[in-house]
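There are 4 protein chains.
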Amino acid sequence: MIVVFKKDTDAAYIGSFEKYIKSLGFDVCVLGGNTAEIKGDTALLDTEKIKSFGMVESVTRLSSPYKKVSREYRKEDTVIKVGDVLIGKDLTVMAGPCSVESEKQIIEIASAAKKAGASVIRGGAFKPRTSPYSFQGLGKDGIKYLVKAKQETGLPVVSEIISKDYLDEYADIDILQVGARNMQNYDLLKALGKTDKPVLLKRGMGASIEELLMSAEYILSEGNGKVILCERGIKTFETMTRNTLDVSAVALLKKLTHLPVVADPSHACGMSSLVKPLSLAAVSAGASGIMLEVHTNPEYAFSDGAQAVKPEELKEITDALKNIWQFVK
Amino acid sequence: MIVVFKKDTDAAYIGSFEKYIKSLGFDVCVLGGNTAEIKGDTALLDTEKIKSFGMVESVTRLSSPYKKVSREYRKEDTVIKVGDVLIGKDLTVMAGPCSVESEKQIIEIASAAKKAGASVIRGGAFKPRTSPYSFQGLGKDGIKYLVKAKQETGLPVVSEIISKDYLDEYADIDILQVGARNMQNYDLLKALGKTDKPVLLKRGMGASIEELLMSAEYILSEGNGKVILCERGIKTFETMTRNTLDVSAVALLKKLTHLPVVADPSHACGMSSLVKPLSLAAVSAGASGIMLEVHTNPEYAFSDGAQAVKPEELKEITDALKNIWQFVK
Amino acid sequence: MIVVFKKDTDAAYIGSFEKYIKSLGFDVCVLGGNTAEIKGDTALLDTEKIKSFGMVESVTRLSSPYKKVSREYRKEDTVIKVGDVLIGKDLTVMAGPCSVESEKQIIEIASAAKKAGASVIRGGAFKPRTSPYSFQGLGKDGIKYLVKAKQETGLPVVSEIISKDYLDEYADIDILQVGARNMQNYDLLKALGKTDKPVLLKRGMGASIEELLMSAEYILSEGNGKVILCERGIKTFETMTRNTLDVSAVALLKKLTHLPVVADPSHACGMSSLVKPLSLAAVSAGASGIMLEVHTNPEYAFSDGAQAVKPEELKEITDALKNIWQFVK
Amino acid sequence: MIVVFKKDTDAAYIGSFEKYIKSLGFDVCVLGGNTAEIKGDTALLDTEKIKSFGMVESVTRLSSPYKKVSREYRKEDTVIKVGDVLIGKDLTVMAGPCSVESEKQIIEIASAAKKAGASVIRGGAFKPRTSPYSFQGLGKDGIKYLVKAKQETGLPVVSEIISKDYLDEYADIDILQVGARNMQNYDLLKALGKTDKPVLLKRGMGASIEELLMSAEYILSEGNGKVILCERGIKTFETMTRNTLDVSAVALLKKLTHLPVVADPSHACGMSSLVKPLSLAAVSAGASGIMLEVHTNPEYAFSDGAQAVKPEELKEITDALKNIWQFVK
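Residue numbers (our numbering), protein chains in the order written: chain A, 1 to 329; chain B, 1 to 329; chain C, 1 to 329; chain D, 1 to 329.
No wet-lab data here; the hints were simulated from the structure. Accuracy of the hints is not assured; some may be wrong.
Any copy will do: because identical chains look the same in the list, a pair fits if it lies in one copy or spans two.
The list that follows gives simulated cross-link-like pairs (lysine to aspartate or glutamate, EDC-like), each with its CA atoms no further than 16 Å apart [claimed, not checked]:
{"id": "1", "residue 1": "Lys144", "residue 2": "Asp172"}
{"id": "2", "residue 1": "Lys197", "residue 2": "Glu222"}
{"id": "3", "residue 1": "Lys6", "residue 2": "Glu72"}
{"id": "4", "residue 1": "Lys49", "residue 2": "Glu101"}
{"id": "5", "residue 1": "Lys190", "residue 2": "Asp165"}
{"id": "6", "residue 1": "Lys127", "residue 2": "Asp46"}
{"id": "7", "residue 1": "Lys127", "residue 2": "Glu48"}
{"id": "8", "residue 1": "Lys255", "residue 2": "Glu76"}
{"id": "9", "residue 1": "Lys39", "residue 2": "Asp8"}
{"id": "10", "residue 1": "Lys7", "residue 2": "Asp41"}
{"id": "11", "residue 1": "Lys329", "residue 2": "Glu316"}
{"id": "12", "residue 1": "Lys7", "residue 2": "Glu72"}
{"id": "13", "residue 1": "Lys329", "residue 2": "Asp77"}
What you are looking at is a predicted structure, and each value in this text was computed from that prediction instead of being measured.
Please take these sequences and the hints and turn them into a complete structure.
Pasting the structure below:
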């Protein structure tokens, strides 16, 4: 870690700084030109803390602040086996409804999704909703129906968990999802790090790429290495799309970490008509798969423009993804 | 709630829409011009859900999606009494260190802060840190020392709570703070809503004003009306300041809600030299007070440029705030 | 255009509103439920102006604020012929150096780019630089050298124009580029609209998709329909990449407008290692081509990490793009 | 300027780098620890260029990239005399309509604004509008009427100039405004730098604080030191306010530059009800004044909620500002 001091910093100040940093267990080497190098396991050292010193102009890490999630820590891609699916190696399509609404609905959609090429079934049971007055999901019943859909289709299932209190209920859920709003709920992350369940960690809508990696590090540092990262759009000034899918993040994450990366184009754009091009874009940028919403509700034809796609569109998307996958995997 | 359909929407579609909305327990009145009005307690209706219908062009609420936090629900300002302090009525200055580091440190800073005009003492014991390798606070000991500082100074104390598991430990803490990263941790919000403790709810760095109000609504909807909102800077493209203090949010919140609003200029800018002007700006825009970091560490003179201010600067700030307060309260 | 008034708006107010809008030459139809529809050529009506009225809650357009650039105005894709290149129909790769530095340099790079699959040569001569002290380009000499590169390679050339004063100098330049900083320099846009030259209009780093389309409309409304839109990254809170390439904008623009859309991944990310995945992502999302920086400078091996790619990387990118193009065109 | 190289950079690479930088006319001092210091007039050196080298991890300036606008270049505040107004020393309130609509309208508003405490009259004649179909201002007639308002009230006037072609028309305009959309129209900035007219330079909605200062530097570097900076809100994810007024930018600019800084709360928030609190906030944060929209149109009572305030509100704002000014000037 290289520290650059302000132009007028005197030697005494740098001396005190050196003494302080050494007291934290690191080596310091004053380099001249108002710079110093801090040596040791600097991932343990908070850049913000160093930056906060009055005469520090800038701090540059020579190694990343995350450790176990980094490519340097582990060169080869992490592959997570869930059922017969190899996430991080094979193209993975996770599909299903936003919320589990009934046993019939989830089984119907799961079956249709499987037929259309999905390899993992998604469905929300405990839903973190912006409004306390919105439907908060079917809860334990939702989990039960999702497990039935798993038995019916033979496909693994993923569902969001919003509190460590529910860990027992999720015993038969294959992948535990941490939603964007809980990406920095460290209490939850630590609890998941103590399990051996695959975790799908969604990027917060206001979270940087580094913050996402640090949240994954929380899980790995507790012992659970099975983390899948998910880009799902960030908040920007653009209002035509609900969020802005950050495909650069997908491409960059593939360089920074060995963990599998997937993208959720449905939530990112909020428009079913953009789901296909964004799915292709995410996989072209390096994603190992996508997660999207699919629906089958003939009774309400008017919901066809939702962010959810129909099974036939899902089929079209998985077919197109397979074509592209051969050139980018 | 007014729904505008796309130009080419046919009557049959609008008919199905009407039927569906009625099935949810609302009245629908088709207005012509491809618009319809949904009547009833529309705070219970999710705008996003309506927007997701294929032929819906836009949805406009005629009443807000939050209820109990709104000015319409309660005209007069909510005033929260904590010790002798009337938050929402009197100018409130919450000051203290970022983290409680020792009994001596917190008592020393709390005493200095009191002398400099602070009316509430802040200090972190359980710290949600971006990195799992950063100091996570003194935990229960931190809480114990903070309570000692409270006894020593006679001032109420505020500290961040990161899990409902710790509610018992916080029995003697006067105000429970929900940090920016947990603003949408609804599991925690609901638990706090079931207590009768004042809650200081910080705006997430990527959270909209409406999302902040909805998170407050979670607490009020569970029965706890003692919520203080805190603007602490949002993420923008600007990199010279750590975050961008959104004083428009302060001014707007005063119109939208009866809850007290404070601002945290220390975290927002990350530079002690901007703490004074931003404190004045926040109070001028309508904030009932500020929350800031103060330190006293003669041994490390080099930390004078941190986001924390010295007691003498705090004195200067509280004096200036009092001068301005008379014209804006 | 549907106008929704605030809940308590009285009939007299709506009456005055109606009268005023009629005075502007539009029809108004009051719909009940505090809504009104404005009819006529509403692209001529400024939404912001209507929104600014005190009792207006929201304004929804039923048709877009742009006209000639819209898909409704022209269903089929606009194809712009430049030399032998059909932009908007064929996969187009525009490549070259950021700045023309010498005759030798531009010819060398142009030749290498052609060999690597580029179909248009780019190069800056008049450079809008953030600092007045930075190199502002070779000016007229740069244009001269670029034209030589055109003659040498037989490929058309594109170069940024920063003032209408230079239109004569650009007589032999095939495509006039409007840079991101000048996207809303309407004086320049109007002047370009009066020429019959193809214009490549870059999206401003802080400009919305709608603002980009409105800027294009300035050019079309003056009579020049040969506009190519270019997504080049927007400003967001993310700092690991220079800007955030908005591929959703690419996908959405293909639906909203008949104009060709290309993407500039080099400027967007600022890292050569991301140029390939972002190029693939942009084309997968619907872009008709990409614009990127390429360099050949064996003498300074250390510049290999710049946003510019080497000719051999360009070759790899164009090959990969061709593979994907067959599935997405 | 301190350059930090990546961890594995070898000596030969640093040697080539050194040679290259020296070829540009700067001194280089290799410091060890993979760092080097570049010495000389580094404001002439583009940070982006250095960052673009493959093995460069980070670049830190020890002096700012701007020169003549910086506090180091000139310690004391620049005060710009316009008529009897001392901008940068006295509290300045610039008020008037968004657009000049008629001679009667501008004289009426200007007179009312003067009475309400305004010291400078604003009014748009050439309007840069997002849509080519929106009213583009009265042009030369608008300028003529504005000059009449100046004669009538005795107050100086400010108006936006959108092209250097119009410089002659603006001979009697006291302050030339560069709008947010033209902040990086360097052709225009250079032309204004060659005049001796005060220039009010608005921050672009997507422009960083540093970019604003660099644009001002363009004007100063051409010889014109009379520049007033104007913060007018930046684009963020928040949609409840039109833009987000960045008061931290106001506070920070006062430290970085000697130029006067004003704020435009009307455009920033787009709501007249927030104009007062934001005006107070901006001046409390260090602004030397504000620029706002005022209107008098009894015939259309419904426009009272526009971003423009009524003369009586303007009076209230100027009175409140005077009260606060004594404590913050």
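Each hint, compared with the structure:
1. Lys144 x Asp172: within (9 Å within a copy, 41 Å between copies)
2. Lys197 x Glu222: Result: close within a single copy only, 12 Å intra versus 33 Å inter.
3. Lys6 x Glu72: between (32 Å within a copy, 14 Å between copies)
4. Lys49 x Glu101: between (47 Å within a copy, 14 Å between copies)
5. Lys190 x Asp165: Classified as both; 13 Å inside a copy, 14 Å across copies.
6. Lys127 x Asp46: between (34 Å within a copy, 13 Å between copies)
7. Lys127 x Glu48: between (34 Å within a copy, 14 Å between copies)
8. Lys255 x Glu76: The answer is within: 11 Å in one copy meets 16 Å, while 40 Å across copies does not.
9. Lys39 x Asp8: Only across copies: Lys39 and Asp8 sit 15 Å apart there, 24 Å inside one copy, limit 16 Å.
10. Lys7 x Asp41: Intra 28 Å, inter 14 Å, cutoff 16 Å: inter-copy only.
11. Lys329 x Glu316: between (19 Å within a copy, 15 Å between copies)
12. Lys7 x Glu72: between (34 Å within a copy, 12 Å between copies)
13. Lys329 x Asp77: within (12 Å within a copy, 32 Å between copies)
The structure agrees with every numbered hint stated previously.
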